[in-house]
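Protein chains in written order, with the numbering used here: chain A, 1 to 45; chain B, 1 to 302.
Derived by calculation from the structure, the hints in this document are not laboratory data.
Errors might be hidden in some of the hints.
[As the list claims (entries may be wrong)] Dumping the calculated EDC-like pairs for lysine to aspartate or glutamate here, alpha-carbon to alpha-carbon at most 16 Å:
(1) Lys14/A to Asp7/B
(2) Lys13/B to Asp66/B
(3) Lys256/B to Glu203/B
(4) Lys204/B to Asp261/B
(5) Lys14/A to Glu4/B
(6) Lys70/B to Asp188/B
(7) Lys10/A to Glu4/B
Every value quoted in this text rests on a predicted model; they were computed, and no experiment measured them.
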Amino acid sequence: MTPEEEAEIKRRQKSRNLVVGGTLIFFAILFYAITVVQIGGQNGG
Amino acid sequence: MPTEWRDFFALTKPRVMSLVIFTAICGLLAAPGTIHPVLGFTAILAIAMGAGGSAVLNQWWEAEIDAGMKRTAARPLPAGRMRRDDARDFGIFLSGVSVMVMGVAIGWLAALMLAAAIVYYAVIYTMWLKPRTPQNIVIGGGSGAFPPLIGWIAVTGEITAMPILLFAIIFMWTPPHFWALALFVKTDYANVGIPMMPNVAGEKSTRLQILAYTVLLAPVAIAPWLIGGTSWVYGVTAIVLSLAFFALAVPVGLRKRSEDDAMTEEKRLFKFSILYLFALFAALVADRVLEAQGMIGAGAFA
Numbered sequence: 001m002t003p004e005e006e007a008e009i010k011r012r013q014k015s016r017n018l019v020v021g022g023t024l025i026f027f028a029i030l031f032y033a034i035t036v037v038q039i040g041g042q043n044g045g
Numbered sequence: 001m002p003t004e005w006r007d008f009f010a011l012t013k014p015r016v017m018s019l020v021i022f023t024a025i026c027g028l029l030a031a032p033g034t035i036h037p038v039l040g041f042t043a044i045l046a047i048a049m050g051a052g053g054s055a056v057l058n059q060w061w062e063a064e065i066d067a068g069m070k071r072t073a074a075r076p077l078p079a080g081r082m083r084r085d086d087a088r089d090f091g092i093f094l095s096g097v098s099v100m101v102m103g104v105a106i107g108w109l110a111a112l113m114l115a116a117a118i119v120y121y122a123v124i125y126t127m128w129l130k131p132r133t134p135q136n137i138v139i140g141g142g143s144g145a146f147p148p149l150i151g152w153i154a155v156t157g158e159i160t161a162m163p164i165l166l167f168a169i170i171f172m173w174t175p176p177h178f179w180a181l182a183l184f185v186k187t188d189y190a191n192v193g194i195p196m197m198p199n200v201a202g203e204k205s206t207r208l209q210i211l212a213y214t215v216l217l218a219p220v221a222i223a224p225w226l227i228g229g230t231s232w233v234y235g236v237t238a239i240v241l242s243l244a245f246f247a248l249a250v251p252v253g254l255r256k257r258s259e260d261d262a263m264t265e266e267k268r269l270f271k272f273s274i275l276y277l278f279a280l281f282a283a284l285v286a287d288r289v290l291e292a293q294g295m296i297g298a299g300a301f302a
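Construct all of the structure, not just a fragment, from the sequences and the given hints.
Set out below in structure tokens:
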């Protein structure tokens, strides 16, 4: 494997990790918001 | 070499998803009742993820067919930028998560309908009927018809006549929309053995069927107004749009292709069909907004 190929693999892995990480953070925030709304609704909000 | 994340994204057919999102939002906004914006957003997200998941499964299944068509040969799987099993796993994961999110956050009836839509598109349409019958587009239209139905159910939690009519509108709209396209990109499908109507039943029959479905679409499109589900704002829009659709479908339905035909009528009908659906659903939402503002019904335009 050439150094260029190795660098390309690293770059792709890194960008994929960032997307997966960002997606997980997004869903954590979304589920927090859903929970707040659902509990608020149950309390007569 | 690891697949680029952009290729995973491309596999979800983002352009098709935009129409799915639009019609789902329309169903959500047109439904009687209210939904919290966070839950409304979640419902649309779940529908988009479900559409994306089934699009991925569709391309996983059709990788070899896609490789044989100019329009689809550059997709991640036929171009060899992704392992086929990765696409299958991604599609199943996305579909599963979309149904779970819908069930947990919104309700299990909406989740059940979303699951049905995914199975309908990925299994019944893609795997079973698309390679077997020239009526594939008629059947496939059903999968595109689910989003507004699910959007509506996300708000109301029940299936009534109105969301079924929204389903029926897209169901009837799909054949003339797609066959108009199939008439001028015919060679692509013929090369890979997908039995599209123009190849199997011939062009004349396809043209007549375009006309037939356009005629059938009109009463279905106007029906939400006739049953009292909307005001005249939607009713008039639906009548005008349906008349225009019919006027454009008549020359397509009755004419014969000449040598070196530019297929202007077919291209015009295809473009208008997209405008038709956007305008019809926009009118449905406008109708509900105007009613909520008191401007129709008992209001200024009554």
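Now the hints, each set against the structure:
no.	hint	verdict
1	Lys14/A to Asp7/B	holds, 15 Å
2	Lys13/B to Asp66/B	holds, 14 Å
3	Lys256/B to Glu203/B	holds, 9 Å
4	Lys204/B to Asp261/B	holds, 15 Å
5	Lys14/A to Glu4/B	holds, 10 Å
6	Lys70/B to Asp188/B	holds, 7 Å
7	Lys10/A to Glu4/B	holds, 11 Å
Violated hints for the displayed structure: none, as all numbered hints are satisfied.
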